[in-house]
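K.L.:
In case you want the letters, here they are:
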Amino acid sequence: MAVQLEQRPLDEAATSIIETGLRPERSFGWRDLVTPAVCAVLVATEIWYLSTRDLDAVEASQLEASKLWDQTIQHIWISLAIAGMVLGVAIPLGVLVTRRRTRWIAPFVLLVGNVGQAAPTVGLLAIVGGFWLGFWAVALILGAYAMLSVLRNTIVGLQQVDPGVLDAARGMGMSPTAILFRVEFPLAVPVIGAGARTALVLAVATVPLGQNLGAGGLGATLFAGIGQNRDVTIVAASLFIAVLAVLMDWVGAMVQRLLTPKGIRAA
Amino acid sequence: MSDTKDVTTTPQADSGSDAAGVPIVLEQVSKRYPSAKSAAVDEISMEIPAGEIVILVGPSGCGKTTTMRMINRLIEPTSGKIRIDGEDVLSLDDVKLRRKIGYVIQQIGLFPHLSITQNVSLVPRMLKWDKRRINDRVDEMLMLVGLEPSEFRDRYPRQLSGGQQQRVGVARALAADPPVMLMDEPFGAVDPINRARLQDEFLSVQEKLRKTIVFVTHDFDEAIKMGDRIAVLDQGAKIAQYAAPEEILSGPANDFVEGFVGQGATLKRLQLERLETLDLRPVSAADKTTSRVPINATLHGVLDEMIATAQESLVVVKDDKPIGSVSLDDVLARVRELRAEAEAKEGA
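Going line by line, the protein sequences match chains V and F.
All residue numbers for the first sequence refer to our numbering, where the first residue is 1 and numbers rise by one.
All residue numbers for the second sequence refer to our numbering, where the first residue is 1 and numbers rise by one.
Just so you know, the hints here were simulated from the structure itself, not pulled from any lab data.
Even for Gly, the Cβ is constructed at its ideal location relative to N, Cα and C.
No false leads were slipped in.
If you only want the chain F side, here are some residues facing chain V, beta carbon under 8 Å, derived: (1) 74; (2) 95; (3) 98; (4) 105; (5) 111; (6) 156; (7) 157.
So these bits of chain V aren't anywhere near chain F, every CB distance computed over 12 Å: (8) 38; (9) 67; (10) 80; (11) 84; (12) 104; (13) 107; (14) 122; (15) 234; (16) 243.
All chains, full assembly: derive it from the sequences and hints.
P.N.:
Below, the structure is given as structure tokens:
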């Protein structure tokens, strides 16, 4: 026969079937620094551009450095708070949905998640803003919007754990709680982490929409720019928000990889 | 882990002295699922003697795995009693019960996020053994299954071949020195060459440890090779025959067993006969050129060698030194003896 087929030992084939089916996370390396480097260049360029331009009084007050910095910090905290709330609600719900005894809640939970994501955020903010203002009003609406990504990934992440691994864990005498925390969660970190990052980015990107409800953050500068028709301000605020979203995703990726057990990280 | 210290499951024996097996008794054990018409397991009763490998073999869906999984209560029996060493398992805490029963499955189920050491030491850690003892035990277990501890301790499962993974699976199941082991097609996912090697190695490990082992397979040849006794199960885990391999091969109880034994029962029977049991002829000068077989070969192996080399006589060697010879007539004489024995038994 002319065709030489690659002979893979059965042993090896069996190994790859037995593997978790996860795409292994790679280890840390210089490539991880590309994202922050690009962000730094973008921000530096923007600052240099602003410094070479003659700003009028309105622009100068809108783009005051210390104000922007405070808003950025505020923006980060609000986004983290929203993402944290989302994780705190969505992960336990995802766990309940995948337990045999509480599986029946799945349709309800997914319905709420879907409605939260499908409902137009801006509309909700407008309606709720009519009678409820402040951080919590914004956090609730934006949290509902971001929840589905974490919920879905938690469910998928827990469901994709190899049934053979779970059977062995049970058969060896691990308690259900031990199996959840010592087997299922560690093996689901890459998938749940991806959902959490999505939630975080959604939060960073949508916090400015909550500006009229008094959410705070860089949205104040963005909407001031829009309100007074200052393109320089609009571009600067938008750029900072976008860079912030990318950087938060990057930090999330690093944390996710750090939490991923070494055994399921790629060498 | 928030487990309270379990007094009953803290063996104080040194890691050197291993606990031998204890008997398991099933009394009219049944499993019915609400949605199914017939019982998955229908009132099975059997005694599994201490220190033996008992094989549950049968077609898929016959309830053999269900029967096995009821012993460590991964499946709760609908009715009946299961006793391990006289103790009713249904009266015990199921999680703690399982820590005293080794568990090996076809999918192996090593924890991919834990190192080999962490995998093997899992049950001893749950049983709160002290650190030193656990470390010694891990090395001892890896050595037992033929993996060099210094090379494998810190690896992760995905860095091992399938055969090596299942060795770790066996080491993990044996780590807390359970008197009883449940094995569900443990070598089913391994390629045939490695499977035979793992089987042989496991048998020699068992020779030392003398655990009570319930071993599920659908492969009758594996059953013959591994089993001290074989229970051939029909639908609903009805025991069609429960006997030593030799007995099943020479006297299948009914058509179902005969069908399951399959073609070539006589040849399979010869897999169980060792060359050592024959009186060897002295080596003659004429034997110089004939092929060799080791003294620990089976008659099946001898016959195979004779056919392969088209020779009626082979030189028998021990440690590479010729100690005698065996001829086709010797083998046939032994077959006649076996047949006579079987007929005598059937007549009785």
